[in-house]
Amino acid sequence: MSWIALKMLTGDRAKFFGIVLGLTFAAMLITQQGSIFCGLMRRTAGQIFDITGADLWVMDPNVRYVDDVKPMIETSLYRTRGVEGVLWAVPLYKGIGRVKLTVPKQVPVDPDQPAGPKRTVREPVIEQVILLGLDDASLVGAPPPERILAGRLVDLRRPDAILVDFTRLPKLFPYEDWKSLPKPPSLGQVLGDKIGRMLGLVHGPTPEQAHREAMGRFYERFLNRELEMNDHRAFIVGVCEATRTFQSNAVVYTTYSRAKRFVPQERKPLTYVLAKAEPGVAAEVVAARIASQTGLRARTSEQFIWDTIWYFMRYTGIPVNFGITTILGFLVGTAIAGQTFYNFTLENLKQFGALKAMGMSNLRIVAMILLQAAVTGLLGYGLGVGLATLFGQTSKGSELAFYTPWQLLPIAGAAIVLICLLASVLSVRRVVVLEPAIVFRG
Amino acid sequence: MSSVVEAQRASAVDAQASPDRVAVRLRNVRKTFGSGDQKVVALRGVDWDVFNGQMTLLIGPSGCGKTTLLSVIAGILDADRGSQVCVLGRDVAAMSGSQKTRFRRDSIGFVFQQYNLLPALTAAENAAIPLIVKGWPRPKAIARASEVLGLIGMAQKVNKLPSELSGGQQQRVAIARALVHEPRLIVCDEPTAALDHETGHQVMVLFRTVAVRPDRAVLIVTHDNRVFHFGDRVARMDDGHIVEVRTQKATIEEPPDVLA
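In order, the protein sequence lines correspond to chains A and B.
Numbering follows our numbering, with no gaps: position 168 of the first sequence is 168.
Numbering follows our numbering, with no gaps: position 181 of the second sequence is 181.
Treat the hints loosely; a few may be bogus.
As the list claims (entries may be wrong) - Derived BS3-like pairs (lysine-lysine); straight-line CA-CA distance at most 25 Å:
1. K171/A to K396/A
2. K194/A to K396/A
3. K179/A to K118/A
4. K15/A to K160/B
5. K140/B to K7/A
6. K160/B to K7/A
7. K134/B to K268/A
8. K160/B to K350/A
9. K134/B to K350/A
10. K7/A to K157/B
11. K100/B to K350/A
12. K7/A to K39/B
Think of the hints as simulated: they come from the structure by calculation, not from any bench.
Modelling step: build the complete structure from the supplied sequences, incorporating the hints.
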């Protein structure tokens, strides 16, 4: 019977595509908006993700999320080190610094003739940055080598050295030739390369690797450029890739001791203590010990990520806004798919009546309708998730926060199943109560 | 009313007929729709026998209860309590819903006024539906349906969609669908109503030559007085009763007035 159900479904192509389109739209919107929501939420905890190596964050008891900076006295570091189960503990400064620099700018010699000859003037730029001061000796919390685009991490130990995040460099150097920044490879190039490699036709660096190398060459121009922070000289020794955060400021890495000089003097300079639990001891257990013995708040990296995410979910309108869009996608998808599917059933009512008259049981007819719903649902889900993934791939490297955790896929799938059930339940009811005698009414 | 008709009226019920000759035996069949002020009595105690090996036509004015009676005989509408509906030796009134479904599947072939072919299925696939419903494998069912289509002159059209066929051809497919599973009773509702005279005539010839067999009864509801002469017996209904039954000879000699 399944082939009859499928032929009935695909017989009217316009209606079939209408149902699939409705489901595709719903699946795409749910996955895409869900991914953007997850991406945004992930960004709130971006700096916790970026700091690898340490598995414990120790902070003032009143800190609720990563940007909620509440300085501690430096002895907190030593108290943490004294707790049993702590392998090592290092300081981390996190605060807002102010960068001052002059950048060259081309201006017309005659202001009345903007297209005329140009001259170079030095334009002052003052920008706030997120300053991260890493442990002087170990540089724990620094970006991993694969995320350094230009320069070297070890150069951070040189006097006045800083490492800057490439994503916000245009704010510091607005008159740079940003148009010559290498463009990321297109989806077609990436797919073509992958297929070529599978067939053994393409060798050498991948388009992503080539792009990264070109980016590295581009960003090398910023090395050794001087800036001023809190009346102290600073110079760029490297350009790195930091996870984008909710704040629009550039991230600047330096050492802990230097960070204290780059900001006005504070009585309590220590923001966080990053610690590592001894092998064989659970980080949660050590966190509990630190909290009870020092009175400080200690969280594992994962706990702190979720603290931060929950804070933003609770105190910002982001989940509500995205929730509304997602629910809207669900409702519109249900309305389009449901109505088209119901109309499709209504138009085939006489045919279903004829099948019933010819001895087909209600159970088999319900199975046919559910099969039709399942096929359209599966197609809509596949296309919707595929389109959302395509959207995510094409927006890779842009400002768009897009992250699709695996949990989102079954959620979107469950939503589509629900839409299909809602869409088919009306049709099923209509067909089940259908009197086969309808076929004898002209 | 002529003496011929008077003579034939007595044979609406044949108490002496052997059970294997009678395909449908109806006694005091009543059917009421709705209740209270909305109550409509469609059948008012019908007593009637339909015989195997014959093509029986059921005629009468619109609203007289023909289609209701056909639906009751085919087991797709329940008669009122107290009615006796015996079809192919089985008491249809006593059957459960699922028993009726199986009974229709195994024993009855249907031909509808609007053909009711599935538009996305080819002629052979449409004709194969009763076999598919019975659980035949698809290729075997389609092969058998193609054979039956060949018997009724549709061999060249087996792979055509209904939209590619004329009205007469579509009705032929519907007839093939009604015959394919070798049912013992074929019920047809206005099979020529949507066809022109010539095509309607061809369809009735087809019924006579292919559908009528000694062990099978063919029951046709029709308004079309051009085809009355095809019936071995013509029963006229009015106001929920069978008011007269004529033989073929009587029908030809004195055609009944369907509106009478």
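Which numbered hints does this structure break? Numbers 7, 12 - these are the hints that the structure violates, sorted from lowest upward.
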